[in-house]
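J.: Sequence:
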Amino acid sequence: MRLTTNMIYNQGLSAVTSRQSKLVDVQNQLARETKILTPADDPAGKAQALALTDRIKQNEQFQKNSDLVVNDLQRQESVLSNITDSMFRAKELFVQAGNGALSADDRKALALELEVLRDNSLDMMNAQNENGDYMFSGYQTEVLPFTFNAQTGVYDYNGDNGKKNVQITSSLRVQSSSPGSEAFQQTPVELKARVGNVTGALTGGTTLVADRPQWNDFHQANYDKENPGNNLYTVEFAADGASYEVVDSTGAVVQAAVPYADGDAVEFNGMELYPEGNVDGGTVEFRLSQPQQNIATVFNDMINVMNDETLSSEQLSQAIEFSISDLASAENSLGSVRAKTGSRLNSAENAKMTNVDFEIANKETRSKIQDVDYAEAMTELTKQDTALQAAQATFTRITRLSLFDYLR
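Residue 1 is where the sequence shown starts when you use the UniProt record's numbering, and the numbers rise one by one after that.
Heads up, a few of these hints could be off.
As a list, the in silico DMTMM-like pairs of lysine to aspartate or glutamate whose alpha-carbon atoms are at most 20 Å apart [to be verified]:
hint	residue 1	residue 2
1	Lys108	Glu321
2	Lys164	Glu130
3	Lys64	Glu359
4	Lys64	Glu130
5	Lys91	Asp119
6	Lys108	Glu92
7	Lys163	Glu182
8	Lys352	Asp54
9	Lys108	Asp119
Label-pair restraints from in silico Cβ distances [claimed, not checked]:
hint	residue 1	residue 2	range
10	Lys57	Ser336	34 to 40 Å
11	Leu172	Ala265	57 to 63 Å
12	Gly204	Ser171	57 to 63 Å
13	Gly98	Glu349	40 to 46 Å
14	Asp224	Lys57	49 to 55 Å
15	Ala252	Asp119	37 to 43 Å
16	Asp119	Glu142	18 to 24 Å
17	Ala252	Gly153	23 to 29 Å
18	Ala239	Ser336	50 to 56 Å
19	Glu314	Asp105	17 to 23 Å
For the record, the hints were derived by calculation from the structure and aren't laboratory data. Heads up, the beta-carbon is just placed ideally off N, CA and C, and yes, glycines get one too.
Given these sequences and hints, build the entire structure.
T.: And the structure:
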């Protein structure tokens, strides 16, 4: 076959540029730390690597979510633990208050410590996270969860029932927050009546549940959760104080004129109300107590009992009994909340560790598919460099050949 000078040059140049191209490819692999420079290099491998990269990014987001959930739940657990400690101490004070040998001043001293425990618990119930958001307000994170209602004598919940659920794995969502309505408002308590406003010469009043089954039946049948205003009743005394009647929130008479004498109790469906002051022409309001309350209200009720010197021994005994029962119920309720919080925390921590394992596995698999093997690449680089030098040397020698070289 006859080779022209042009063909010799073209073949030589092609050999040199081919070796240069291969050498540059190896150099790029080393520089970019990957052996798949373009999808054409390994279509299947490139697709797998891209899929793994997506999984790694998704897993990194799950890790961030897990960290947030764990932090939130740990803070909640700390709050619940703090309140539990306050409740243990309050229980000791409640029992002490039942000691008949204590004087009124002794009980007031106990009330002072209870005020500290109440305020500490209330502060925890209104706790904020590092962003200044209230932890137990549901979705209304800018709303103070619990405030005192002077009209009803209880601590009201101002948030909503929103629960934050966060995706921490591809198949697991964990509740990262508990609204105050769930965390603190689910404590069943003894059913009572709360004395409210008085008029005329009356100065106040105290109550006693004389017939608990009768009162509980009435309370359960008439308590209106949706319309709290309907839980208000008023005792209206005649101008001469010789009788009274009880009307509901609409003004309807629910107990017609009943004879009354100074020192008597107003009897109403198993509950006895003892007015303080001159009853002539006066009125006394009372409300059906909430069947479920929070620990701050339980503390506050006991503080009021300890500071009230007008209570009879029977009223004091019953009030302490009710408070101890309410506190035991609050302990059970809070214990249930802590158990649920602990369970969620365990789930979040386990998911966090699983995410770490997945991340390591995915990165290792991706590395095997696309990462350059430095030993192999350096060997290939040396090989291609040698081949390039050989092609260049050969091309140089061939281009120097001339017919006159054979005539010498």
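J.: Hint by hint, say whether it matches the structure.
T.: Status of the hints after comparison with the structure:
{"no.": "1", "hint": "Lys108 x Glu321", "result": "18 Å, holds"}
{"no.": "2", "hint": "Lys164 x Glu130", "result": "17 Å, holds"}
{"no.": "3", "hint": "Lys64 x Glu359", "result": "13 Å, holds"}
{"no.": "4", "hint": "Lys64 x Glu130", "result": "16 Å, holds"}
{"no.": "5", "hint": "Lys91 x Asp119", "result": "16 Å, holds"}
{"no.": "6", "hint": "Lys108 x Glu92", "result": "15 Å, holds"}
{"no.": "7", "hint": "Lys163 x Glu182", "result": "9 Å, holds"}
{"no.": "8", "hint": "Lys352 x Asp54", "result": "18 Å, holds"}
{"no.": "9", "hint": "Lys108 x Asp119", "result": "16 Å, holds"}
{"no.": "10", "hint": "Lys57 x Ser336: 34 to 40 Å", "result": "38 Å, holds"}
{"no.": "11", "hint": "Leu172 x Ala265: 57 to 63 Å", "result": "59 Å, holds"}
{"no.": "12", "hint": "Gly204 x Ser171: 57 to 63 Å", "result": "60 Å, holds"}
{"no.": "13", "hint": "Gly98 x Glu349: 40 to 46 Å", "result": "43 Å, holds"}
{"no.": "14", "hint": "Asp224 x Lys57: 49 to 55 Å", "result": "53 Å, holds"}
{"no.": "15", "hint": "Ala252 x Asp119: 37 to 43 Å", "result": "41 Å, holds"}
{"no.": "16", "hint": "Asp119 x Glu142: 18 to 24 Å", "result": "22 Å, holds"}
{"no.": "17", "hint": "Ala252 x Gly153: 23 to 29 Å", "result": "24 Å, holds"}
{"no.": "18", "hint": "Ala239 x Ser336: 50 to 56 Å", "result": "53 Å, holds"}
{"no.": "19", "hint": "Glu314 x Asp105: 17 to 23 Å", "result": "21 Å, holds"}
The structure shown violates none of the earlier numbered hints.
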